[in-house]
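Enquirer: Sequence:
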Amino acid sequence: MQNIQRSKLFWASCFALLVTSLSFGIRAGILNQLGVEFQLSASELATITATAFWGFPLAIVVGGFVVDAIGMKRLLVAAFIFHLLGILLTIFAQGYWTLFLSTLLIGIANGTVEAACNPLVATLYPENKTTRLNYFHLWFPGGIVIGTLLVFFFTRLEIGWQVQVGMMLLPTLIYGYLFSKLDFPVTERVASGYSTADMYKAVLSPLFIFMFICMFGTAITELFTGQWIDVLLRNVTDNALLILTLTTGVMVIGRGLAKPVVHKLSPSGVLFISAVLAAVGIYLLSTLTGNSIFLAAIVFGLGVTYFWPTMIGFVAENIPKSGALGLNLMGGAGMFAVSIYTVFMGSFYDRIVTERLPAGANMADYVTAAPDTEMATVLNNAKNLAGPEVLQATLVIPIILAFAFGGLFLYMRSRKNKGINDSRYAAA
Numbered sequence: 001m002q003n004i005q006r007s008k009l010f011w012a013s014c015f016a017l018l019v020t021s022l023s024f025g026i027r028a029g030i031l032n033q034l035g036v037e038f039q040l041s042a043s044e045l046a047t048i049t050a051t052a053f054w055g056f057p058l059a060i061v062v063g064g065f066v067v068d069a070i071g072m073k074r075l076l077v078a079a080f081i082f083h084l085l086g087i088l089l090t091i092f093a094q095g096y097w098t099l100f101l102s103t104l105l106i107g108i109a110n111g112t113v114e115a116a117c118n119p120l121v122a123t124l125y126p127e128n129k130t131t132r133l134n135y136f137h138l139w140f141p142g143g144i145v146i147g148t149l150l151v152f153f154f155t156r157l158e159i160g161w162q163v164q165v166g167m168m169l170l171p172t173l174i175y176g177y178l179f180s181k182l183d184f185p186v187t188e189r190v191a192s193g194y195s196t197a198d199m200y201k202a203v204l205s206p207l208f209i210f211m212f213i214c215m216f217g218t219a220i221t222e223l224f225t226g227q228w229i230d231v232l233l234r235n236v237t238d239n240a241l242l243i244l245t246l247t248t249g250v251m252v253i254g255r256g257l258a259k260p261v262v263h264k265l266s267p268s269g270v271l272f273i274s275a276v277l278a279a280v281g282i283y284l285l286s287t288l289t290g291n292s293i294f295l296a297a298i299v300f301g302l303g304v305t306y307f308w309p310t311m312i313g314f315v316a317e318n319i320p321k322s323g324a325l326g327l328n329l330m331g332g333a334g335m336f337a338v339s340i341y342t343v344f345m346g347s348f349y350d351r352i353v354t355e356r357l358p359a360g361a362n363m364a365d366y367v368t369a370a371p372d373t374e375m376a377t378v379l380n381n382a383k384n385l386a387g388p389e390v391l392q393a394t395l396v397i398p399i400i401l402a403f404a405f406g407g408l409f410l411y412m413r414s415r416k417n418k419g420i421n422d423s424r425y426a427a428a
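For the sequence shown, position 227 matches number 227 in full-length UniProt numbering, and the numbering has no gaps at all.
Derived from the structure by calculation, the hints contain no laboratory data.
Model, not experiment: these values are computed from the prediction.
Careful: at least some of the hints might be erroneous.
What the hints assert, rightly or not - Each computed SDA-like pair below joins lysine to any residue, with the alpha-carbon atoms no more than 20 angstroms apart: (1) Lys418 - Lys73; (2) Lys8 - Val186; (3) Lys416 - Val186; (4) Lys416 - Gly176; (5) Lys8 - Phe210; (6) Lys73 - Gly176; (7) Lys259 - Phe10; (8) Lys73 - Asn3; (9) Lys418 - Glu317; (10) Lys416 - Lys73.
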């Protein structure tokens, strides 16, 4: 494929991922506003947030099964339609169920984008998959930075959350237009001549299953913490959203420097160090106060920077016969895990808050209390204590990942020392 055509497809993919990330950043920023305006509990907010993560794995897994047959372009046309419908429905939401449905549509659109674009980037750059996937996924934290800053400044200018959501329409229209004008290659698996049987054998290999399970933890560590940061850290700062902005800013820089990092450490080494830093970062976020919380945000950002693209890049490089299905099963696993964990931790958060209210208190009465009342103060104090507890419960996940990826690093190094080449390894 000509370099100009390849470059245009790559940049169109980046615009599509920008819409996905804006939906995360803006939703994280307006979560409290939605709760106040529609009188939603933390459990209801968690369910709405999790809906995006339900739609994502549904779309990405289905997309993984059909992308070889129908082509990546048709999937991206579908993503454009779902994004457009989801954004408009969010802008005109009237309550819990319209927010639920609109978030589901956006989640399906986000999953469809990754179902097409991950294999597209791997196909466009077969010689440099992990690095290019990091460059592509740079736009995920990049969009979150843009989205959270939009929320921060628009809120201070008293511009409504509907306008903030509407900002996603521009990049949506841009990527829809670009993809409609471009020709697409077939997926790498099809071009390489690997059969469907080879693909299914690859996704049932022990190495793929191991990475599939680890994807649960990497996704939860990164995405659950990011989506809930404004809620969990309100005890630390009135501008908790800026912590997410700082964290994702670190991720943008880190992914932009992926080439030397991945080359020096290897993908498995990067994953091990990432897990260690993520664990330290979450611990610091749950314990530090004052300006030192921003140091914690930087450490956490460094920890989660390479998780998602390096997990996908590892599979693309070392298990290429898994094809688009393998890449999309990885993404689906991550988002599904986040959806389940978010609902569970939303209920856990509400339970912690309820336990800190006066005996026999009705949670609904406190949620609907006027902001300047004693009941509202009591509720806020309870929430301030609940956030760090949720973070400390989540800390166990990156600790487990550190041991898992440490083992993976040693395993990969032993295979390299034995001279086992990629082709044998890929067939494992």
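Enquirer: For this structure, which hints from the list above don't hold up?
Expert: Numbers 1, 3, 4, 5, 10 - these are the hints that the structure violates, sorted from lowest upward.
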